[in-house]
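Residue numbering for the sequence shown is -20 to -1, 1 to 563, as defined by mature numbering (1 follows the signal peptide of the UniProt record, and there is no 0).
Worth flagging that the hints you see were computed from the coordinates, not collected in a lab.
The model shown is predicted, which means the values in this text are computed figures rather than measured ones.
Any given hint might turn out to be false.
As the list claims (entries may be wrong) - Keeping only pairs whose Cα atoms sit at most 27 Å apart, straight-line, the calculated DSS-like set for lysine-lysine is: (1) K131 to K485; (2) K166 to K557; (3) K59 to K73; (4) K286 to K345; (5) K485 to K529; (6) K154 to K131; (7) K387 to K36; (8) K327 to K345; (9) K10 to K345; (10) K53 to K560; (11) K73 to K557; (12) K296 to K286; (13) K303 to K136; (14) K345 to K387.
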Amino acid sequence: MNIHAIILIVLSLLTGCASTTIKSTAISTKTVLTEDQGVVVVQVLNNTERLATLHKDWSEVIAIRLDNADAKKQAAIEKAKNKKKPVNEDKVKWEHDFYSLTPSREGVVNSQVFMGAMPEGEYIITTLYSYYNDGNISSWVSMPVYYSAGKFNVEKKRLTNLGSLVFQPLLSIKEKSFWSSRSSQKAYVTRLTEQQPLAQYVLGNLPQLAQQIDVANPIGWQEDEYDPYRSTLGDIARNNAYGNIAISLTENAKGALASKFGQLKVLNNDSSWQQFNLPTNSEMLTILEIEDEFFVGSEKGSLFSKKVSTDNPWKKSTPISPKEAIVWIGKGISQYYAVTQSNLNYKAYSFLHPSQQWKEVGEFKKTNTTWLVQYGGLFPIITSTGNLRIFNDNKIHDFASETGVWKVSKGSSMLKIAQLGDNTLGGLEVSQWDGVGDQVVSIDNGDTWITIARSLRAFGDQKTDYSLPAKLDGGQFVSLGRMSRKGKEKPTLNIISNQLDGLAKRKTWQYHYPAKENCETLLPQLSHNTKLYFLCDQGQLVSTGDFGKTWITEVDIDLSGMQSEYETLRTAIQESKSKKESE
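Hey, can you work out the whole structure from these sequences and the hints?
Right, here's the structure in full:
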């Protein structure tokens, strides 16, 4: 069965089609638009870590054309009548026009930008669709959209900028029943108030369109009576943005949690939290402190800056191409460095100040992991001597700022690396068995690694298995592990601690209180003094200052508020539909 036929199990309930053809809208740098085509762009953001175990994000956005439906149905009726047979007009088979938008991978990390060329007409997005196939396993998930987002128009030779759509889970997405459930209480999709024009991104990827379409006056969504509900839903999703990129800070704050929808949560030196709302819907990826100023790297080549001591708004600049995302910024001994990502391609830059010209000093390519072979990731750090070092799979690249030359040496393949405030590195090795290896620690810039000996379940401890160790004041290292118990008693998942010289000795670990259920991702970049921070599955942030005896909710997620607002929108749509049917 064609993978699109799976979508039509849902679509056929509304369209009357048993099967149909979904048309591609793909555009390349060589595409010349036909006379009746315009270009559509929409950014899709998932307010969660990933869609499912096998699905990181969406493969397609499916749209249906509305304005030619009556004409297509009538044409099918006339064709049937021409066969000189009795015709039941209500049962004549005909097809809507379906179109598939596919995502660009350049300049974004966890956001997705879908672009395509479509004929002039009126449309509605029906489905977000994700398909996975590694040659061994096939899987698909889909999410209906329809009036949760609304209608839009495409006009020939013009850009339709739909801004941002958000997919917001309301139940725990890690539950196996999530995608099989048809409950309206599991998730919603709606549109966000436009925070960032996408024309620059479109032309950055497809420069030839500058001569083919009008991007200065883009078309947006149609206005309707549901706009106030969508606005409220979008606002509450932004205010409760999911963030899992923790960053250690040492000057104006203790750390930060970079989140989606332009949200930045900063852990102040007094352990209070401050949330910044930046003028974008893209994901925040990295932060640098220079005196009393924050510089925040984001997707589509964007860099935001703000003086902490003032109420002035955030300033936006684009020091690089919108086809690159700024994923890391660091301070060296004599200059600053940044690393950008565009799909699997990375670039390293140096500059005297983020506001000055960025000079490219290196290019790297990350090897994509397959189900047969696991490869390490790419991670930049500033060494204890103030130099730029980049780990790329099993190679270490050291940059000499005086000569501009890279030295390459052999290293270990790492799945994750985090640099803490005292230059200690916490890492997670790659395993060819299931992808995730042992937790490790380095005190010599990653030249050598010490393995953390801890016990976990072979299956079922995924969040803990994938997290990093933390280091507290006094040199104490902390992780999570299970204590072996006698008989049939199940071992609990506990907070465990040890000193450096005992990390590799399983029996020397001290076991403390149990971990908080569904909050088992330790964030070493935020943990300090005797306080540990953990990320929960649905985005909440909790802490403990006594190794799990007591817990404090640091950042909450208003799931009940989102559920209530979504039910209000659904009720309004249903009432409007019932009213129109009765007229």
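| query | Can you give the numbers of the hints that this structure goes against, from lowest to highest? | reply | The structure conflicts with hints 1, 4, 6 and 7, although it agrees with all the remaining ones.
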